[in-house]
Amino acid sequence: MEGVSYQRFPKVKIRELKDDYAKFELRDTDASMANALRRVMIAEVPTIAIDLVEIEVNSSVLNDEFIAHRLGLIPLTSERAMSMRFSRDCDACDGDGQCEFCSVEFHLRAKCMTDQTLDVTSKDLYSSDHTVVPVDFTDSAGYDSSEQRGIIIVKLRRGQELRLRAIARKGIGKDHAKWSPAATVTFMYEPEIHINEDMMETLTLEEKQSFVESSPTRVFDIDPNTQQVVVVDPEAYTYDDEVLKKAEAMGKPGLVEIYAKEDSFIFTVESTGAIKASQLVLNAIEVLKQKLDAVRLSEDTVEADDQFGELGAHMRGG
Amino acid sequence: MMIRLLTMSRMRIFEVLRLLVLGCNSLAFVKGLTTLTQYKIEKLTSLDGIHTFQDFVRGGLIEYLDVNEQNNALIALYEGEATSETTHIEIEPFTILGVCAGLIPYPHHNQSPRNTYQCAMGKQAMGSIAYNQFSRMDSVLYLLLYPQRPLLTTRTIELVGYDKLGAGQNATVAVMSYSGYDIEDAIVMNKSSLDRGFGRCIVMKSYTAIYQKNYENGTSDRVLRPQRTGPGSERMQILDDDGLAAPGEIIKPNDIYINKESPIHTTGQRVPADGQQDIGYKPAKQTFKGPEGESCVVDRVAFCSDKSENLCIKFIIRHTRRPEVGDKFSSRHGQKGVCGTIIQQEDFPFSETGICPDLIMNPHGFPSRMTIGKMIELLGGKAGVSCGRFYYGSAFGEASGHADRVEAISETLVKRGFSYNGKDFLYSGITGCPLQAYIFMGPIYYQKLKHMVRFSSHYSSGPRVMLTRQPTEGRAGNGGLRVGEMERDCLISYGASLLIFERLMISSDPFEVQVCRKCGLLGYFSHMLKRGICSSCSNGDNISMIKLPYACKLLFQKRASFENPFYLNEFMDTFDW
Numbered sequence: 001m002e003g004v005s006y007q008r009f010p011k012v013k014i015r016e017l018k019d020d021y022a023k024f025e026l027r028d029t030d031a032s033m034a035n036a037l038r039r040v041m042i043a044e045v046p047t048i049a050i051d052l053v054e055i056e057v058n059s060s061v062l063n064d065e066f067i068a069h070r071l072g073l074i075p076l077t078s079e080r081a082m083s084m085r086f087s088r089d090c091d092a093c094d095g096d097g098q099c100e101f102c103s104v105e106f107h108l109r110a111k112c113m114t115d116q117t118l119d120v121t122s123k124d125l126y127s128s129d130h131t132v133v134p135v136d137f138t139d140s141a142g143y144d145s146s147e148q149r150g151i152i153i154v155k156l157r158r159g160q161e162l163r164l165r166a167i168a169r170k171g172i173g174k175d176h177a178k179w180s181p182a183a184t185v186t187f188m189y190e191p192e193i194h195i196n197e198d199m200m201e202t203l204t205l206e207e208k209q210s211f212v213e214s215s216p217t218r219v220f221d222i223d224p225n226t227q228q229v230v231v232v233d234p235e236a237y238t239y240d241d242e243v244l245k246k247a248e249a250m251g252k253p254g255l256v257e258i259y260a261k262e263d264s265f266i267f268t269v270e271s272t273g274a275i276k277a278s279q280l281v282l283n284a285i286e287v288l289k290q291k292l293d294a295v296r297l298s299e300d301t302v303e304a305d306d307q308f309g310e311l312g313a314h315m316r317g318g
Numbered sequence: 001m002m003i004r005l006l007t008m009s010r011m012r013i014f015e016v017l018r019l020l021v022l023g024c025n026s027l028a029f030v031k032g033l034t035t036l037t038q039y040k041i042e043k044l045t046s047l048d049g050i051h052t053f054q055d056f057v058r059g060g061l062i063e064y065l066d067v068n069e070q071n072n073a074l075i076a077l078y079e080g081e082a083t084s085e086t087t088h089i090e091i092e093p094f095t096i097l098g099v100c101a102g103l104i105p106y107p108h109h110n111q112s113p114r115n116t117y118q119c120a121m122g123k124q125a126m127g128s129i130a131y132n133q134f135s136r137m138d139s140v141l142y143l144l145l146y147p148q149r150p151l152l153t154t155r156t157i158e159l160v161g162y163d164k165l166g167a168g169q170n171a172t173v174a175v176m177s178y179s180g181y182d183i184e185d186a187i188v189m190n191k192s193s194l195d196r197g198f199g200r201c202i203v204m205k206s207y208t209a210i211y212q213k214n215y216e217n218g219t220s221d222r223v224l225r226p227q228r229t230g231p232g233s234e235r236m237q238i239l240d241d242d243g244l245a246a247p248g249e250i251i252k253p254n255d256i257y258i259n260k261e262s263p264i265h266t267t268g269q270r271v272p273a274d275g276q277q278d279i280g281y282k283p284a285k286q287t288f289k290g291p292e293g294e295s296c297v298v299d300r301v302a303f304c305s306d307k308s309e310n311l312c313i314k315f316i317i318r319h320t321r322r323p324e325v326g327d328k329f330s331s332r333h334g335q336k337g338v339c340g341t342i343i344q345q346e347d348f349p350f351s352e353t354g355i356c357p358d359l360i361m362n363p364h365g366f367p368s369r370m371t372i373g374k375m376i377e378l379l380g381g382k383a384g385v386s387c388g389r390f391y392y393g394s395a396f397g398e399a400s401g402h403a404d405r406v407e408a409i410s411e412t413l414v415k416r417g418f419s420y421n422g423k424d425f426l427y428s429g430i431t432g433c434p435l436q437a438y439i440f441m442g443p444i445y446y447q448k449l450k451h452m453v454r455f456s457s458h459y460s461s462g463p464r465v466m467l468t469r470q471p472t473e474g475r476a477g478n479g480g481l482r483v484g485e486m487e488r489d490c491l492i493s494y495g496a497s498l499l500i501f502e503r504l505m506i507s508s509d510p511f512e513v514q515v516c517r518k519c520g521l522l523g524y525f526s527h528m529l530k531r532g533i534c535s536s537c538s539n540g541d542n543i544s545m546i547k548l549p550y551a552c553k554l555l556f557q558k559r560a561s562f563e564n565p566f567y568l569n570e571f572m573d574t575f576d577w
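Keeping their order, the protein sequence lines are chains A and B.
If you count the first sequence from 1, position 173 lands on 173 in the UniProt record's numbering, and the numbers rise without skipping.
If you count the second sequence from 1, position 184 lands on 184 in the UniProt record's numbering, and the numbers rise without skipping.
Read the hints as simulated data drawn from the structure, not as lab findings.
In this text, all values refer to a predicted model and were calculated from it rather than measured experimentally.
Any given hint could turn out to be false.
[Stated by the list, open to error] Distance condition first, Cα-Cα at most 30 Å in a straight line; then the derived DSS-like pairs of lysine-lysine:
#1 B:LYS423 / A:LYS174
#2 B:LYS285 / B:LYS213
#3 A:LYS245 / B:LYS415
#4 A:LYS23 / B:LYS423
Chain A on its own, in the form it takes in the complex (with noise of 0.2 Å):
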């Protein structure tokens, strides 16, 4: 098989851009492909989190484990997480994690003094380094920035006191969730659907209707001039088949087809705010190169020969 060259050069465009959200085409490329991106971004994109807390005061109702937990789900901005190392592989340290290339620290200084109760958020999180502070939510999302305080770590009441140390780290999502990126990663395959235009002809304006009312989403609509059964939103239709059925049931098969294209994708990615949604992407297959480089790397090395021997002459069909 060798000299055959699969290769094939996906284009991407983007539809929707902001800066937790991206909406983007992949095209001539396959599942495989998508999937891999997807995978990347949840999984293997790095971020910085709160990896290590020091309590030194904690008289609130939640105990140290719960507040510490809570704080490591805490987004923190990651631009600088791809150039950071991990700790365990940073020389400039001795492994506490203390240090400017590899880790953050935090400070939590908190007390209730008056009778109302006190909410400690993030905003409440001191950072010793600017460029990975807690993520502001206030001016993406529209939120009247008084009333939004960040995240709720803990609520204090009258005497109660919250006062700690926290080391953010970075890390990646397979390890832990806190360092995900990704709020939400998906795709699915951009549907083809065609209309038997001359079948459609034959129904009356009701049954046009109730057919396109069958589809739970509007993916079909009737054009109010022409009476005609339109595609509005194609990406509307999540491959549920009941348009499908509904016309099956009417008694015209085929009044519709409907494909799935299998190399072209729609991904939705929403980000949590640590990295913006169109840097992961780029993350991602800054990512899946190297991984790449990896495999290729070890391809041709002695001790890849060693592991894969086998496995490669049963693939040369040995």
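Place chain B on chain A using the hints.
Just chain B now, kept in the frame of chain A:
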């Protein structure tokens, strides 16, 4: 105590029942109901409450009937079903069920044994137990970190406050087969969900130390300031200067949590109060014996006095656990299962809207159990999250509007862009290709049950009993699992002789003895002469070394001490010495 007089006119019986606890059903009296004007109902429901439920009971409009009385009453379920013969009307059919069964959504769609199972299982679920749960000093307390109220509720849930102190979490469940680690009711869990706090729990255990004040001779225990340096100090790291473990400290197995000493002599001559310094004390430190390799934390230390007026010190030790393989979970339909495996989120199936299940349940759990209620719960829960209200599933509630009908639920689902049947189009997380079938997916309220593998599983290569040199018995003593007579019989019948040999001797209590081939008695090994000697023949000419279980050697010696020894040379022909 309650005495109930019961007349059964038709049978001409007058019964006097003396009952301690009586389960009663509250029913509206039909005669009264006709006189119950709209005015009174308004008064009952109005907030100023001129008439309360008790007023109606006192006024004879509502009557409590016990089981015996119910036999002589003709009760209509609904007002419309009442005829001239009817004596009573149910206030509401779901009140037939109590608290435990009241938590089940759509119980009237389940096979009845499933509801019975759930009634037992609901009590083992972890959650919040009370508003004062962190001030309590229970001997064992299981709590859930993030309890939720069920998405699919019932009226009973609201009445008993289960929505305020829940015992479970709403998990997005995909009913499909995945990985093969889901056979026999096992569930596959999403690792990211667990990372984010699904099924996390706190186990708090109380350990007690008693500070005995008045021994017979007037002496008392003492708690000492811990050694900060020197041997033994590393086990006292978590102690405060008062000799007690400090709250907030991480406690490891074998750490000392109270540095107590007891007087050596507690009886006899009375020791005067000023002479207590001179008496001898022996250490009575108490060490923590928790699970190895887990970090527990001292949560609280409390003082109290026990019934003999001694100072009693209680240590609450807390441990936060995330679910692991083998932990037991259950839905509210008597469908318990253990966690079979934990799988990364990226390997989990996902929908094009980005929904990824928290756990996967095998569809084989449904046909034989016939828990249709669970399916309706999934459907209703899904409609509930998509439109933002709680759906109801009270028992027998469809007629009175306390339970939503499947038709209504399906309508909501379609309105929100889902399929009416609750099935979704999913992609495989491993390949990225669409799955072959539509997957029934939606939220189901899952309970974490308090049986966790870490406390139930057991294996050992641990301590042995002094006398027999065999492994100790029981889990508490970190003992072995016994291959008993019946197990041995099985192995014999199977012919697995090497396995018997290995289990009963090599891994148990192997021992080498010297045997005299001539007299057949046990000898000994002389380290001076470097050979075995038979003490009855007074020489070492016919000595052989054999291996046997120590317990067997013990038996031989006991028999010999009763002057009825085994003569091992009788077996000489059978065995190859």
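Checked hints:
1. B:LYS423 / A:LYS174: holds, 29 Å
2. B:LYS285 / B:LYS213: Satisfied, since the Cα-Cα distance of roughly 16 Å is no more than 30 Å.
3. A:LYS245 / B:LYS415: It holds: about 18 Å lies between the C-alpha atoms, which stays within 30 Å.
4. A:LYS23 / B:LYS423: This hinted pair holds, its Cα atoms lying about 25 Å apart.
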